[in-house]
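Protein sequences, first through last, are from chains A and B.
Take the first sequence: its letters are residues 1 to 295, numbered as in the UniProt record's numbering.
Take the second sequence: its letters are residues 1 to 321, numbered as in the UniProt record's numbering.
It is possible that part of the hints are untrue.
Only pairs whose alpha carbons sit at most 30 Å apart, straight line, appear in this in silico DSS-like list of lysine-lysine [as the list claims (entries may be wrong)]:
id, chain 1, residue 1, chain 2, residue 2
1, A, 204, B, 121
2, B, 11, A, 183
3, B, 234, B, 267
Each pair of labels, with its calculated beta carbon distance range [as the list claims (entries may be wrong)]:
id, chain 1, residue 1, chain 2, residue 2, range
4, B, 78, A, 140, 43 to 49 Å
5, B, 62, A, 135, 40 to 46 Å
6, B, 78, A, 203, 16 to 22 Å
7, A, 213, B, 192, 40 to 46 Å
8, B, 57, A, 128, 26 to 32 Å
9, B, 123, A, 109, 33 to 39 Å
10, B, 9, A, 140, 20 to 26 Å
11, A, 177, B, 78, 29 to 35 Å
12, B, 139, A, 29, 34 to 40 Å
13, A, 128, B, 140, 47 to 53 Å
14, A, 213, B, 257, 41 to 47 Å
The hints are simulated quantities; they were obtained by calculation from the structure and are not laboratory data.
Fair warning: this is a prediction, and the values are worked out from it, not measured in the lab.
Ideal placement from N, C-alpha and C gives every residue a C-beta, glycine not left out.
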Amino acid sequence: MSDKAVQKNTSKKKKGQWSEVWRRLRRNKMAMLGLTIISIFILLALFADVIADYDEVAIKMNTSIRLQGPSKDHILGTDELGRDIFARIIHGARVSLQVGIIAVGIAIIIGGTLGAIAGFYGGKFDNIIMRAMDIFLAIPSILLAIAIVSALGTSMLNLMIAVGISSIPSYARIVRASVLSIKDQEYIEAARAIGAKDTRIILKHIIPNSLAPIIVQGTLGVASAILSTAGLSFIGLGIQKPAPEWGAMLSSGKDFIRQSWHVTTFPGIAIMLTILSLNLLGDGLRDALDPRLKQ
Amino acid sequence: MEPILQVKDLKKYFNTPKGLLHAVDGVTFNIDKGETLGVVGESGCGKSTLGRVILHLLESTDGQIIYEGEDITKINKDKFRELRNEMQIIFQDPFSSLNPRMTVSEIIREPIIIHKTIKDKKEIEKKVSSLMDTVGLAERLANTYPHELDGGRRQRIGIARALALNPSFIVCDEPVSALDVSIQAQVLNLMQDLQKELNLTYMFITHDLSVVKHISNDILVMYLGQLVEKSDAKDLFKNPLHPYTKALLSAIPVPSLKHKRERVLLKGELTSPINPKPGCRFAQRCVYAKENCHHDNPVIEEVLPGHFVSCHYVREINNLK
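Based on the sequences and whatever the hints tell you, model everything.
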């Protein structure tokens, strides 16, 4: 590397690692698009009560205006019970994003820890943990989620737990694989040579280097958790009526799809946009988090 | 002079599916304070393993390691952690031995933070910049990542990290073999300057004989986990006694047209280090080997003052009494 390039990289004042990541992320247009869309959804979800009153607009039925197309009063139209679809979507965003993020959080914390232990210590730990994960993996995750929700009862918390638990194995596998590949790197041995304890080695050396696949899987995971929630609501095990939820909206709108396209289309677009933007953001984050890819 | 490190009959065996791999098999030597011991041998002869066993990065199978009069062979992990202030290592590959997600200053700072040798944050920063200065890294590189730097600079980071705890003994595991020749000289000179300045003791592992000649006081030649010859560096290069050392030294390229030299070419393959049979391990490739070389283990003995060789026929081969 030429001296000039080194100069350029270092002439800036010292900055935190995260501002460096942010700088790199900003250059990625697709990731910024994803971030913008997801931020809009988050803002809409946060200020849902200000934009549209929950009880009055999102819940209260008004059969006189049922199945109306998009208009000035109801920009995305109304559903079969005369409720404003836009209001239901933004209130539904609350549920979806919350369930998605918390479920993935549960999965990453439990799955990641198990995977890290399995990969780092190997041997017996590895065998016990990973065989247990294999058993989990043998059950289709949506079936597992259904089983857990029906056992615990339907509530938002149980929904998060169910979706979270059912995706633990994939995180455990990913973390274990990347820990295994990093564990034998010479810098881990170097950390041992300077007297680092296991916890420090895992936290400071292994996790930062294995973060990229977890973040990508995590953003994808939020997307699939939203889908699972929508799926569970679709079959009536998720969020209970009349609370707005994207999957439930799709489910109830499907009967009117021939007469009123907008009842299913807009919740569908909301799901699609959220998932697409999370995927774009995830890809961008993976690149931004890797200092080796810095141009 | 007082030896800083004594290694007695050190063994390290690895369990492999095929059997016991004798990576280090009964190695004995001393290193005096402030000296450099060169350890040479071809790839796979156990020289890196030897360094790692001494630093407890690998557990020894048998034997004794005595550091400054204290037996540290079976010392527990936490106790040894304190000793890491004293004993450090510089790794071979400066590309893989530095965490790609840490900046230069973070890497150099880490040992200080782990051992809490300095507590005040400003003092730590001072120490880091003085270390960078010592190893010849410009201060503006403090916040760069290793991948932005060339091999020489990276190896300087590795050296600074090793020096951060003010050790007295450093295992240098082929510290220059991954570098360009021009950079090799710079790094070697730096290491020699540091040795004088800080009174360091080096155990210098390498397969590059020119390097070892340049830097060592004593040289240890290893073959398949065993010591074959040990002597003063000058002596060894002038008068190699073991057939393996002779072959090794004859392979050093000499940049001179007039120079006529005899090459001792080795034939055959390395014998497997897995469950080795008794007998001299070099016998299969040795031109002087006789019947009993294949059955009897040679013993290391002092053939000339300060010159130890492990060979049944060393006297006959070299016309010594």
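Hint check:
At roughly 19 Å between alpha-carbon atoms, residue 204/A and residue 121/B fall within 30 Å of each other, so this suggested pair holds. Between residue 11/B and residue 183/A the alpha-carbon distance is near 25 Å, which keeps this suggested pair within the 30 Å criterion. About 27 Å separates the Cα atoms of residue 234/B and residue 267/B, which keeps this hinted pair within 30 Å; it holds. Checked against the hint of 43 to 49 Å, the pair residue 78/B and residue 140/A passes, with Cβ atoms roughly 47 Å apart.
One distance hint, 40 to 46 Å for the beta-carbon pair residue 62/B and residue 135/A, holds here, with the actual separation near 43 Å. Here the CB-CB span from residue 78/B to residue 203/A is close to 19 Å, well matched to the stated 16 to 22 Å. Between residue 213/A and residue 192/B the Cβ separation comes to about 44 Å, which falls inside the hinted range of 40 to 46 Å. Separated by about 27 Å at the C-beta atoms, residue 57/B and residue 128/A satisfy the suggested range of 26 to 32 Å.
In this structure the supplied range 33 to 39 Å holds for residue 123/B paired with residue 109/A, their Cβ-Cβ distance being about 37 Å. Against the hinted window of 20 to 26 Å, the Cβ-Cβ separation of residue 9/B and residue 140/A comes to about 59 Å, which falls outside the hint. For the pair residue 177/A and residue 78/B, the supplied restraint of 29 to 35 Å holds, since their beta-carbon distance comes to about 31 Å. Distance hint for residue 139/B and residue 29/A: a CB-CB separation of about 35 Å, consistent with the stated range 34 to 40 Å.
Separated by about 50 Å at the C-beta atoms, residue 128/A and residue 140/B satisfy the suggested range of 47 to 53 Å. Between residue 213/A and residue 257/B the beta carbon distance is about 57 Å. The supplied range of 41 to 47 Å is therefore violated.
Checked against the numbered hints given earlier, this structure breaks hints 10 and 14; the rest are met.
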